[in-house]
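Peer 1: Got chain A; can you put chain B on it based on the hints?
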Amino acid sequence: MSAKTAVSTTSLLSRPGLWVTAWFVTWLVARGVLESTMPTWLRVVAALAPTPIAAAALVTIVRGARELDELEKRIQLEALAIAFVLAVLLIMTLGLLELAITLNRDDWSYRHVWAMLPPMYFAGLVIARRRYS
Amino acid sequence: MKNRLKVLRAERDWSQAELADRLAVSRQTVNSIETGKYDPSLPLALRIGKLFGQPVESIFLDGDEA
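Protein chains in written order, with numbering that gives the first Met the number 0: chain A, 0 to 132; chain B, 0 to 65.
Extracted from the complex, chain A is given alone in its bound form (with noise of 0.2 Å):
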């Protein structure tokens, strides 16, 4: 392997989006297996399948975060109170309704709650961004 692909590798390997893309596609592959008729253990591996691809997302995302400029640093703290704020306010609102009504479990599980969070990350980032610009 040559100095450059070398460089370009590892490149490549420190992108966030590179891994948050293998985390998304791991869950995908895990839902199907989940889906399928397998044994317990080969069930549980599934489910834990996307851990160590997510901890590479993470300490990818925490280097980008590191070298951002400080109005992006900036930027991207207000999009994550916004986004935390209203993913305290979604689980708590569930949290209570659950005692009010019965809640719908094959709309309202773990499995639904946490696609939620992403789409309050990035309009969190809409709303800080558009503050800036």
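Hints were generated in silico from the structure; no laboratory data involved. Fair warning: there could be bad hints in the mix.
If you want the footprint, here are the derived chain A segments under chain B, 3+ residues with CB under 8 Å [stated by the list, open to error]:
no. : region
1   : 23–29
2   : 120–132
30 Å max Cα-Cα, derived DSS-like pairs, lysine-lysine [said to hold, decoys possible]:
no. : chain 1 : residue 1 : chain 2 : residue 2
3   : B       : K49       : B       : K36
4   : A       : K72       : B       : K5
5   : A       : K72       : B       : K49
6   : B       : K1        : B       : K36
7   : B       : K49       : B       : K5
8   : B       : K1        : B       : K49
9   : A       : K72       : B       : K36
10  : A       : K72       : B       : K1
11  : B       : K36       : B       : K5
Beta carbons: idealized from backbone N, C-alpha and C, even for Gly.
Peer 2: Leaving out everything else, chain B in the frame of chain A:
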């Protein structure tokens, strides 16, 4: 906080992108500072002062001076 960044940049005929490169920040950061939507950190304000060869307080003006 008001500032004279846009005037100083125009005097040197620099684009926002060029100034951003010289300050090692994004073009959005330069734009936000120029439009008064974002006040830079002290290290960045000092870099701006050094780049233009002027004291920070002559570039960034508080509300009473503006």
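Peer 1: Hint by hint, which ones does this structure get wrong, listed from lowest number up?
Peer 2: Hint 1 alone not satisfied by this model.
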